[in-house]
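Required output: the full structure, derived from the provided sequences and hints.
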Amino acid sequence: MAYALLLSVFVISTCGLIYELTAGALASYLLGDSVTQFSIIIGVYLSAMGLGSYLSRYIVRNVITVFIQVELLIGLVGGSAAAVLFMLFEVAVHFRSILYSLIGITGTLVGLEIPLIMRVLKNRFEFRDLVSKVFTFDYIGALFASLLFPLVLVPYLGLIRASFLFGIINALVALWALHLFRREVLYARLHAAAGGLVLVFLTAGMVYSGWILHFAETLGYKGNIIYAKTSPYQRIVLTRDGDSLQLFLNGNLQFNSRDEYRYHEALIHPGLQSLREPKDVLVLGGGDGLAVREVLKYASVSSVTLVDLDAEVTKLFRSHETLVGLNGGALKSPKVHIINADAFIWLKGETGKYDFIVIDFPDPSTYSVGKLYTTTFYRLVQRVLKDDGVIVIQSTSPYVARRSFWCVVATLQSLGLKTTPYHTYLPSFGEWGYVIAKKTPFKMPETFKPDLRFVTPAVAQTMTEFPADMGPVETEVNRLHNQVLVRYFEEEWSRYTH
Amino acid sequence: MKKSGPGTPTDPSKAGLSRRSFLIQGACLAAAAAGMGISCKDSRPAGNKRVAGSIIGSNRKAGHMLLQGEGITPTETEETGIVIVGSGIAGLSAARDLAKKGIRDFLMLELEDRTGGNSAYAVHKVSPYPLGAHYVPLPGVEAVFVRELFEELGIIEGYNSKGLPLYNEYYLCADPQERLFIHDRWQEGLVPQFGATPEDKRQYQVFFGMMDDLRKARGTDGRRAFVIPMELSSRDRRFLKYDEISMAQFLTDNGLDSKYLRWYVNYCCRDDYGCVMEDVSAWAGIHYFAGRSGSAGNAEPHAVVTWPEGNGWIVRKMAENMSEHIRCNACVLNIQNIGDKTAVDYLDPRSGVAKRILARAVIYAAPRFTALRSIKDLRESPPAYAGSFGYAPWMVANVVVNAVPEGNGAPLSWDNVFYGNDSLGYVVANHQDVALHQSKTVLTYYYPLTAGDPAAERQRAVTMTFDAWADMIIRDLSRFHPGIEKGIEEVNVWLWGHAMVRPVPKFIWGRARQEALRPLGRIFFAHSDMSGISLFEEAQYHGILAAREARAVLEKARPA
Ligand SMILES: Cc1cc2nc3c(=O)[nH]c(=O)nc-3n(C[C@H](O)[C@H](O)[C@H](O)COP(=O)(O)OP(=O)(O)OC[C@H]3O[C@@H](n4cnc5c(N)ncnc54)[C@H](O)[C@@H]3O)c2cc1C
Numbered sequence: 001m002a003y004a005l006l007l008s009v010f011v012i013s014t015c016g017l018i019y020e021l022t023a024g025a026l027a028s029y030l031l032g033d034s035v036t037q038f039s040i041i042i043g044v045y046l047s048a049m050g051l052g053s054y055l056s057r058y059i060v061r062n063v064i065t066v067f068i069q070v071e072l073l074i075g076l077v078g079g080s081a082a083a084v085l086f087m088l089f090e091v092a093v094h095f096r097s098i099l100y101s102l103i104g105i106t107g108t109l110v111g112l113e114i115p116l117i118m119r120v121l122k123n124r125f126e127f128r129d130l131v132s133k134v135f136t137f138d139y140i141g142a143l144f145a146s147l148l149f150p151l152v153l154v155p156y157l158g159l160i161r162a163s164f165l166f167g168i169i170n171a172l173v174a175l176w177a178l179h180l181f182r183r184e185v186l187y188a189r190l191h192a193a194a195g196g197l198v199l200v201f202l203t204a205g206m207v208y209s210g211w212i213l214h215f216a217e218t219l220g221y222k223g224n225i226i227y228a229k230t231s232p233y234q235r236i237v238l239t240r241d242g243d244s245l246q247l248f249l250n251g252n253l254q255f256n257s258r259d260e261y262r263y264h265e266a267l268i269h270p271g272l273q274s275l276r277e278p279k280d281v282l283v284l285g286g287g288d289g290l291a292v293r294e295v296l297k298y299a300s301v302s303s304v305t306l307v308d309l310d311a312e313v314t315k316l317f318r319s320h321e322t323l324v325g326l327n328g329g330a331l332k333s334p335k336v337h338i339i340n341a342d343a344f345i346w347l348k349g350e351t352g353k354y355d356f357i358v359i360d361f362p363d364p365s366t367y368s369v370g371k372l373y374t375t376t377f378y379r380l381v382q383r384v385l386k387d388d389g390v391i392v393i394q395s396t397s398p399y400v401a402r403r404s405f406w407c408v409v410a411t412l413q414s415l416g417l418k419t420t421p422y423h424t425y426l427p428s429f430g431e432w433g434y435v436i437a438k439k440t441p442f443k444m445p446e447t448f449k450p451d452l453r454f455v456t457p458a459v460a461q462t463m464t465e466f467p468a469d470m471g472p473v474e475t476e477v478n479r480l481h482n483q484v485l486v487r488y489f490e491e492e493w494s495r496y497t498h
Numbered sequence: 001m002k003k004s005g006p007g008t009p010t011d012p013s014k015a016g017l018s019r020r021s022f023l024i025q026g027a028c029l030a031a032a033a034a035g036m037g038i039s040c041k042d043s044r045p046a047g048n049k050r051v052a053g054s055i056i057g058s059n060r061k062a063g064h065m066l067l068q069g070e071g072i073t074p075t076e077t078e079e080t081g082i083v084i085v086g087s088g089i090a091g092l093s094a095a096r097d098l099a100k101k102g103i104r105d106f107l108m109l110e111l112e113d114r115t116g117g118n119s120a121y122a123v124h125k126v127s128p129y130p131l132g133a134h135y136v137p138l139p140g141v142e143a144v145f146v147r148e149l150f151e152e153l154g155i156i157e158g159y160n161s162k163g164l165p166l167y168n169e170y171y172l173c174a175d176p177q178e179r180l181f182i183h184d185r186w187q188e189g190l191v192p193q194f195g196a197t198p199e200d201k202r203q204y205q206v207f208f209g210m211m212d213d214l215r216k217a218r219g220t221d222g223r224r225a226f227v228i229p230m231e232l233s234s235r236d237r238r239f240l241k242y243d244e245i246s247m248a249q250f251l252t253d254n255g256l257d258s259k260y261l262r263w264y265v266n267y268c269c270r271d272d273y274g275c276v277m278e279d280v281s282a283w284a285g286i287h288y289f290a291g292r293s294g295s296a297g298n299a300e301p302h303a304v305v306t307w308p309e310g311n312g313w314i315v316r317k318m319a320e321n322m323s324e325h326i327r328c329n330a331c332v333l334n335i336q337n338i339g340d341k342t343a344v345d346y347l348d349p350r351s352g353v354a355k356r357i358l359a360r361a362v363i364y365a366a367p368r369f370t371a372l373r374s375i376k377d378l379r380e381s382p383p384a385y386a387g388s389f390g391y392a393p394w395m396v397a398n399v400v401v402n403a404v405p406e407g408n409g410a411p412l413s414w415d416n417v418f419y420g421n422d423s424l425g426y427v428v429a430n431h432q433d434v435a436l437h438q439s440k441t442v443l444t445y446y447y448p449l450t451a452g453d454p455a456a457e458r459q460r461a462v463t464m465t466f467d468a469w470a471d472m473i474i475r476d477l478s479r480f481h482p483g484i485e486k487g488i489e490e491v492n493v494w495l496w497g498h499a500m501v502r503p504v505p506k507f508i509w510g511r512a513r514q515e516a517l518r519p520l521g522r523i524f525f526a527h528s529d530m531s532g533i534s535l536f537e538e539a540q541y542h543g544i545l546a547a548r549e550a551r552a553v554l555e556k557a558r559p560a
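First to last, the sequence lines map onto chains A and B.
The first sequence maps to residues 1 to 498 in the working numbering.
The second sequence maps to residues 1 to 560 in the working numbering.
It should be emphasised that the hints constitute simulated quantities derived from the structure, not laboratory data.
One or more of the hints may lead you astray.
Said to hold, decoys possible - Have a look at the derived ranges for each label pair, beta carbon to beta carbon:
#: 1; chain 1: B; residue 1: 194; chain 2: A; residue 2: 297; range: 53 to 63 Å
#: 2; chain 1: A; residue 1: 315; chain 2: B; residue 2: 271; range: 46 to 56 Å
#: 3; chain 1: B; residue 1: 324; chain 2: A; residue 2: 349; range: 28 to 38 Å
#: 4; chain 1: B; residue 1: 199; chain 2: A; residue 2: 340; range: 47 to 57 Å
#: 5; chain 1: A; residue 1: 471; chain 2: B; residue 2: 162; range: 25 to 35 Å
As the list claims (entries may be wrong) - As a list, the in silico BS3-like pairs of lysine-lysine whose alpha-carbon atoms are at most 30 Å apart:
#: 6; chain 1: A; residue 1: 348; chain 2: B; residue 2: 125
#: 7; chain 1: A; residue 1: 297; chain 2: A; residue 2: 133
#: 8; chain 1: A; residue 1: 386; chain 2: A; residue 2: 229
#: 9; chain 1: A; residue 1: 315; chain 2: B; residue 2: 440
#: 10; chain 1: B; residue 1: 440; chain 2: A; residue 2: 229
#: 11; chain 1: A; residue 1: 348; chain 2: B; residue 2: 440
#: 12; chain 1: A; residue 1: 439; chain 2: B; residue 2: 125
For clarity, every value in this text was computed on a predicted model and none was experimentally measured.
Just so you know, even glycine gets a beta-carbon here, dropped at the ideal spot from N, CA and C.
As structure tokens, then:
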């Protein structure tokens, strides 16, 4: 029996270290800055263990009963900590306090274990021998855990499942101790029942960890996730909130079906309506087919070429029933040619000429996307534009990122293009900006298609008016080798969001 | 409608993994970042499998033949007007200049199996990459030949109304250009900012202020103090005296003792000259900062032009339409005057066949020290300058990685340097790629061997096995990019035993260089060694000058 307890020292010390490592890894993953996170976690955990050891002096009677209770509690708290933390990350305001409290509680409980077990064993070994044996098993357990964690647990189980698994092991130690000491333990049955419940709970957690993860992800979004997939390029998530749909790429909202028509009508109609008989249209980005839907309202358009990097996105918007409903089956139209390619590379090889070119890329928040807003890129676009053709570019918010917006304008102007910046209000995004560029001056059309829900001649007239707080500012020209736009953009959006 | 900003959860694409895969299957990156060296089930366990690659160093066998001065007996003889020895930038520039003047009877002999010398490149399916030289700074007004070449190659596309050149924007180094890993983070730019005290920053100001003044300074002869090509620099004693002390001494003399500043200046000396600043003449050290005076209508003055294959791109362009004049695998072992002709004997190291070319003039565009072996007169009566040319050994490794090495702080840049490291860091060969999504990269890792005396370091370089090199490189990279070792697919090591001439004090403006520059009868010296600083512009300058002198010999010989 004494050796059985020594074995449990090994097991519980393994579990103890696993909780610590899990917390550290999770904190570095969620909060970043791994060195800081790991040091703080280790510090909090170790000091809490000290507290636990100290508190053990106040347990005077029923040591073994308390030991079993402690084990069950550790299993419960430690085992579910990863899942709880992960779920709370999206919603909790004081995530760090919760994180450190959970670590503190687990640490305190773990700190109680060894003193208690030593007291259980004190009459079974000589003191010198006891200390040596208990600590040997304790440290071997730690070594075992530190190897197991990176080599097996993280790669094969992942953090959530691993921590549930070790919770289960802790609970099993409790049940086993209960069995060994069934005569000495008070309310043995009650403890057995509690142990059973903890086991069922943790096992369920382990089995449904995929679901927990999914649930945690849904907490990050307001609506319900109805589709989620990771393509080679990005994480695609579609949510439904009431009767509207939202598309997120890497967590960034792309559109909300409630007001996307405003965005897309404003993107397409001013430019396209201004052309007499537009035939060939090129859409760069915009794999959701919503811009194409607007384009197809023009009977003269005989061909729409859509270039989007991610085949998963275009496939989704061609096959998902609700989404096909949203884009009116635009991507299934025989006039539409879908090309899944990098727009920059594709343009280099393109020889066709287009009447209307829509550039609907993500905002220039990284250097790689920033390349798609440079003189070099626009020069390629200009090359495939017919002499009287029109280019339109989504150009972020002139309200939030005023310099960024005018930088796009300046960049186009530096190539000798005539620009017409305009903007509109989108409930989901706020003030949003676009730029029309042409080789000759552009004039806002005086009539629009009658069935539009947002753009009317009167509305269009207001779009080109810029209030003083969004008006033109001097900026540099964005080039491949200076990428000033990415710098402006980062500065302006971070000022806005912090 | 692509807002990215408020309330964005951690971007999984940046970490290269989705949150799901991290928590369910686990992942290497985050844990490895925590310094735990986790290995993933689907990736190669670090350490127990040898990484692919090899040492593909320059042709040492042929080089040794030359040094040992083995006698050869040519089996056939042909004749030509001019022989160019070596097809580096100097040789290619000479050839180009001859061809432009309508001369067709010349031959260029190159001991390697490819042209380019220090500016050669290799191809790889991920990206072509350089074996040595990577970039050229924007040429200033004095660099007439460089500007001319740049116009011909479409690097300069035109001039704006102010007369400033407009560069092809695919060739200007894309932003972000440089970052430095210091105090566990990446910062933008190479001058240390993290941890720099106000005193450090004051010294930066003093130093860069001096360099700025020296860039504008003119001597009594009206020339700028520091010019590229260096031959056009002012001869004013005020400036030449800097050649008598070392760069380290120059800093000390000016009270510049900031640890960070000295690290930076030393880094620059190692980067351009392959020597520590204690060994570099202050004239050369200052030249690095004050010599560059380029400007452009569409770029910053400090911009550079570069390509995935580095200056190999220029080599490729220069060698186009030259194939009938180029002979690779041709190691010149003997040059001697026979009557009014000069015999150039070379050996094909693969077949062992030796041949002789009788020429009216020779442009010697191989490293200058080799002439002491190959040219009979110099071999038989060694000149006084024989011992003055010293060379720095370098190792360049191209590392193919199946990930993009980001890290904390400033984003991946073209040039990525580690503070306080023996290497110079790495350049991303496919940085100029405009594609949005890059899954693999080639990192060109530079390592001048400056830990001791060049001869001992050269010995160390050649005795190290491929495994030892690969191990050192991977260990170094993974210190700054934990986990990168799992993504390394290939390491190609290139050893340059005599990579570049060492501009030690008193070399550049001393007598040895002047004497070595003087033609030996019909033999004209063209290598960048002749400048004492190893730069594209210097190689080109001497190549073109030598071509013009050699052409004059041809024209004189021709009956009127
Ligand atoms: C690692 C490294 C990085 C560099 N980076 C840059 C950079 O980024 N920018 C820059 O401007 N400069 C750089 N340089 C400097 C570079 O040396 C010059 O730019 C330029 O390439 C020198 O050209 P060269 O023709 O003078 O000499 P080399 O390149 O040395 O050419 C000499 C040629 O002669 C051949 N040869 C030698 N002996 C014989 C023989 N006996 N017979 C026949 N052929 C022979 C050699 O194989 C070689 O091809 C770098 C150099 C090194 C080593």
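Hints, verified against the model:
no.: 1; hint: B/194 / A/297: 53 to 63 Å; verdict: holds (55 Å)
no.: 2; hint: A/315 / B/271: 46 to 56 Å; verdict: holds (48 Å)
no.: 3; hint: B/324 / A/349: 28 to 38 Å; verdict: holds (32 Å)
no.: 4; hint: B/199 / A/340: 47 to 57 Å; verdict: holds (56 Å)
no.: 5; hint: A/471 / B/162: 25 to 35 Å; verdict: holds (29 Å)
no.: 6; hint: A/348 / B/125; verdict: holds (20 Å)
no.: 7; hint: A/297 / A/133; verdict: violated (82 Å)
no.: 8; hint: A/386 / A/229; verdict: violated (38 Å)
no.: 9; hint: A/315 / B/440; verdict: holds (26 Å)
no.: 10; hint: B/440 / A/229; verdict: holds (23 Å)
no.: 11; hint: A/348 / B/440; verdict: holds (21 Å)
no.: 12; hint: A/439 / B/125; verdict: violated (40 Å)
Hint compliance for this structure: hints 7, 8 and 12 are not met, and every other hint is.
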